[in-house]
Amino acid sequence: MIQLNNIEKYYANKGVKNYVLRLVTTTIKQGEFVSIMGPSGAGKSTLLNIIGMLEEPTYGTYEFLGENVTSLNERKRIELYRNHIGFVFQAYHLIDEMTVYENIEAPLLYKKIGSSERASRIADLLDRFNIVAKKDLFPNQLSGGQQQLVGIARALAAQPSIILADEPTGNLQSAQAEEIMELFKKLNQEDGITIIQVTHSEKNAQYGNRILHIADGVVKEDINVA
Amino acid sequence: MYRLNLKIALRNLWRNKGFTLINLGGLAIGLASCMILLLYVAYEYGYDKQFTDYDKTYVLYNNQKTASETFSFMAFPGRLKDEIRDKVPGVAKVSRLSYAEQMLISYNHNNFKKNAVFSDPDFIKMFDYKVLNGNKNTMLNSVDGVVLTETLAKNLFGNEDPLNKTVKLDEKENLRVEGVIEDSPKNSTIQLDYIMSWKLYDKLNPWTKDSGWGNNYCMMFLQLQDNSFFDRANNVLKGTIKSHDKEANGEPFMHPLSKWHLYDKFENGKNVGGKIDQLRIFFLLAFCILLIACVNFMNLSTAKSEKRAREVGVRKAIGSSRSNLLGQFMFESILLTALSMLLAFVLIEVSLPYFNNLLGITLEVNYSDYKFWTVFLGLTLLTAFIAGSYPAFYLSSFDPVKVLKGFKISGGSTLSIRKFLVIFQFVFAACLIVCTAVIYQQLNYIKNKPIGYNRANLVQISTEGEFSKKEKREILKDELLKSGAITAATEYSLSLTSGGNNTYGVNWPGKNEKDKILVNFRFTNLDLTKTTGMEILQGRDFSKDFVDTASVIVNEALVKVMGMKDPVGKMITWDQPLRIIGVLKDYVMESPYQKAAPLLIAQNTNRASTIIMRLNDKSNITSSINKINEEIKKLNPSYPTEIRFVDDNFERKFRDEKLLGTLSNWFGGFAIFISCLGLLGLALFMAEQRKKEISIRKVLGASTANILTLLNKDFIKLVAIANLIAFPLAYIIINKWLSGYEYRISISVLPFIVAISLSVIIAILTVSVQSVKVAKANPVDALKYE
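As you go down the protein sequences, you meet chains A and B in turn.
Everything in the first sequence is counted per UniProt numbering, starting at 1 for the first residue and increasing by one.
Everything in the second sequence is counted per UniProt numbering, starting at 1 for the first residue and increasing by one.
Careful: at least some of the hints might be erroneous.
[Stated by the list, open to error] Covered stretches of chain A, as calculated for chain B (at least 3 residues, CB under 8 Å):
no. : region
1   : 46–57
2   : 101–111
3   : 122–135
[Claimed, not checked] Once the Cα atoms are required to be at most 35 Å apart in a straight line, the calculated DSBU-like pairs of lysine-lysine come out as:
no. : chain 1 : residue 1 : chain 2 : residue 2
4   : B       : Lys172    : A       : Lys185
5   : A       : Lys29     : B       : Lys402
6   : A       : Lys14     : B       : Lys713
7   : B       : Lys113    : A       : Lys14
8   : A       : Lys112    : B       : Lys17
9   : B       : Lys402    : B       : Lys113
10  : A       : Lys76     : B       : Lys653
Honestly, the hints are just simulated from the structure, not real lab data.
We put the CB at the ideal spot given by N, CA and C, even for glycine.
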């Protein structure tokens with residue numbers, strides 16, 4: 001599904017190149033649950049951003065679903081966002097002015113999905129995540145864990161084939177974090193959704209089936225978890 | 001999608017109440033100012049356009065060439081009318097019109113002095129006033145016909161049917177009411193209360209019968225069948241007077257009725273604009289204020305960008321395209337503009353009566369007019385677009401990864417754009433302050449300039465009815481002098497404050513026969529200088545100790561034109577030889593803005609039209625006026641009296657300038673206010689952004705005063721830069737305005753000092769509202785959440 005070849009990313013500062021990523025080559029298949037780990041500043045988030053096409057690599061090629069997407073125009077990229085990729089953020093990034101229901105609805109509106117289909121999908125998601133009672137609340141009326149649930153529900157609404165999560169539990173207490181990770185695992189195993197997460201926690205990484213260790217921009221280890 | 005956008009937009013507005021209020025208020029004031037100015041412009045622009053064929057109707061001007069220049073005025077020999085009718089191609093209608101004059105009209109014991117005109121029957125067809133009563137086709141055909149306006153008819157007859165009733169003109173002529181027409185529209189140049197036939201004019205002024213082609217005494221209007229005749233008609237018109245009298249110096253030409261009001265200035269026989277120049281200023285002002293309000297909106301919207309940026313990032317990551325976002329932000333802008341428009345309407349309706357009162361006109365919003373709604377919608381959309389476009393493009397351009405990865409908008413560039421916008425606003429505000437100050441100075445200068453006589457406590461009455469008799473005037477004068485109500489009185493052939501009455505016929509030794517020099521003339525009685533306070537520089541005033549039937553007083557301007565040294569005792573001719581007995585200091589006749597014109601004054605009580613009296617300044621003005629009124633009623637019972645203060649007449653000459661001054665004061669004030677709202681918004685934003693920095697500084701030991709200087713310094717810099725940019729601009733503009741006046745002040749530094757200090761003080765006050773709060777806040781609050 002994802003094929004990265006010799007991806008490099010650096011920032012030139014006064015002629016000095018500061019490398020964030022060096023010659024990253026890897027393949028991620030449909031249905032995998034990959035955790036990217038590493039110390040602060042290792043380039044984890046940059047790698048995820050490149051996979052999510054939020055950033056462009058300075059060098060190397062990137063194929064998504066067999067298509068070269070190394071540098072994509074905006075329209076095509078938005079097309080991919082609408083149909084294939086769901087983002088989950090550490091800071092949840094819900095839209096403050098929208099209710100829970102509307103937050104989940106937003107990607108469907110951009111995808112131009114009919115209203116009855118929209119309603120049924122949202123109802124389904126609310127039900128599945130047990131947040132039906134909260135659908136008319138605003139994000140600031142929810143706890144962090146609940147906000148992240150909404151964030152995941154939003155990412156799932158458009159029925160993506162892959163979810164990219166940047167430290168999804170970074171701001172959460174451990175009990176809530178566990179709940180979220182269980183959810184990811186379930187999504188991966190039952191719905192076959194590919195998940196790539198960046199995490200600091202060894203424990204969280206164990207929920208997935210593959211771990212990429214990155215240090216100083218280089219992939220040090222690529223371990224399959226039993 | 002749109003419903004959701006609407007909901008979100010409303011929630012956004014509600015959540016940021018402060019911003020919304022500032023934004024809404026600024027836009028509403030901007031829109032209201034713009035609309036009021038546009039209403040005024042439309043009102044002025046609509047002058048004389050109420051009549052069906054106004055575009056084919058022309059007012060005639062007469063070009064009179066002299067050696068040095070060409071005068072253009074609206075006066076013709078009456079017999080020109082038939083000539084035009086017979087000779088000029090394409091003429092559908094032509095009519096003479098006398099200059100409107102207050103004349104007494106009475107029915108039973110109802111007496112009114114109202115604007116009266118005389119005209120040919122074509123006039124009422126050309127200017128198709130709505131006829132409420134009577135037959136339009138026969139109006140003004142007979143000598144004794146009179147057509148009344150609705151209000152006058154009501155006043156004279158109450159509920160009676162006026163048709164065919166007999167009314168009296170000036171206590172003498174019996175007239176038959178032929179019809180009633182609607183009142184003249186307020187924005188019509190011709191203001192009349194009743195119309196009488198030209199035949200009556202000829203009857204009342206028998207001299208018109210033998211009056212030649214060189215004698216100009218009425219206005220002339222014509223309507224073409226078709227505007228394609230214009231050039232041919234104009235060509236023929238030009239020679240009509242000269243073909244009859246080679247000596248007569250008139251060349252008539254057509255000036256469109258629709259341009260009569262706004263393009264009324266002629267130089268060397270060509271139109272050079274007129275009131276339109278002022279109107280253009282107002283039109284520009286309207287849009288500048290709107291632009292300022294738009295800039296405000298942009299400024300505040302982009303200031304909020306930190307808050308909105310995250311939303312943009314998220315939306316982009318979940319599949320929103322840039323055009324979706326553009327649409328959303330534009331929608332919000334339209335929503336806010338629409339709300340402001342509603343508020344603006346409230347403001348307009350509330351303030352219109354005040355402005356109407358101020359300007360002496362009737363502006364109103366015509367809700368049933370499609371044109372109004374077109375402008376209204378157009379203005380709303382235009383505003384929404386201008387105001388919303390920059391924020392929309394700016395906000396929607398955010399790169400999701402940058403804003404989602406912990407927010408750091410490149411502070412430099414966005415801030416500089418906002419700074420630029422604030423500078424732009426204050427450039428405009430400072431320009432307005434300078435211009436307003438100079439207009440004020442100029443007005444004061446003109447008003448306080450010596451006018452050549454003492455206009456305080458000076459009153460005038462017209463010599464009508466019984467007062468057309470010399471003896472009655474003498475009685476009035478004696479009685480009032482005896483009673484102590486007045487200290488002096490004299491007679492004059494025109495109102496002291498009006499122009500007119502001039503001739504080319506004055507000759508003096510050494511004058512080039514070919515030079516046509518226009519000399520104003522007046523007639524007076526004894527005591528002219530004693531009553532008015534005019535100053536005799538050489539020689540003497542008319543006196544009862546001399547026989548002055550062949551003597552004249554001349555003013556300085558005439559002496560200069562004649563090039564005479566020691567003029568007293570020299571002879572000039574005007575139909576007869578006249579001896580100069582005195583030189584009068586120039587006094588302001590018609591326009592206080594222009595240099596004095598040549599003038600000669602002779603003594604002839606038969607030509608008196610005005611009695612000028614000086615009130616006794618030792619007694620109470622009201623009681624003096626009451627005494628004068630009593631005396632007039634006794635001597636001239638059938639005429640309603642009107643005592644006019646020369647001071648008031650004089651004030652009226654400043655009407656246009658005062659209007660300009662008032663409007664620029666008001667709208668300049670609004671512009672500054674809106675700019676301040678923008679500054680407040682920016683300060684709000686700055687304070688928010690620098691909360692942490694300030695807290696750290698305070699922890700490090702900065703005092704409140706230190707912090708205040710820090711926060712205010714930046715803004716003062718902006719305002720100072722704005723002033724520097726504004727000064728040359730304002731200088732150029734105001735210099736151009738001033739160059740229109742012969743008497744003008746030189747531009748001093750004072751207005752500029754006023755502008756910079758005023759704008760800086762206002763800016764500091766505005767910013768301090770916010771910065772004091774931040775400077776005094778407890779640093780812990782800002783730091784503990786980091």
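Quick rundown of the hints versus the structure:
no., hint, in the structure
1, 46–57, "holds (count 4)"
2, 101–111, "holds (count 7)"
3, 122–135, "violated (count 0)"
4, B:Lys172 x A:Lys185, "violated, 112 Å"
5, A:Lys29 x B:Lys402, "holds, 28 Å"
6, A:Lys14 x B:Lys713, "holds, 33 Å"
7, B:Lys113 x A:Lys14, "violated, 90 Å"
8, A:Lys112 x B:Lys17, "holds, 32 Å"
9, B:Lys402 x B:Lys113, "violated, 80 Å"
10, A:Lys76 x B:Lys653, "violated, 71 Å"
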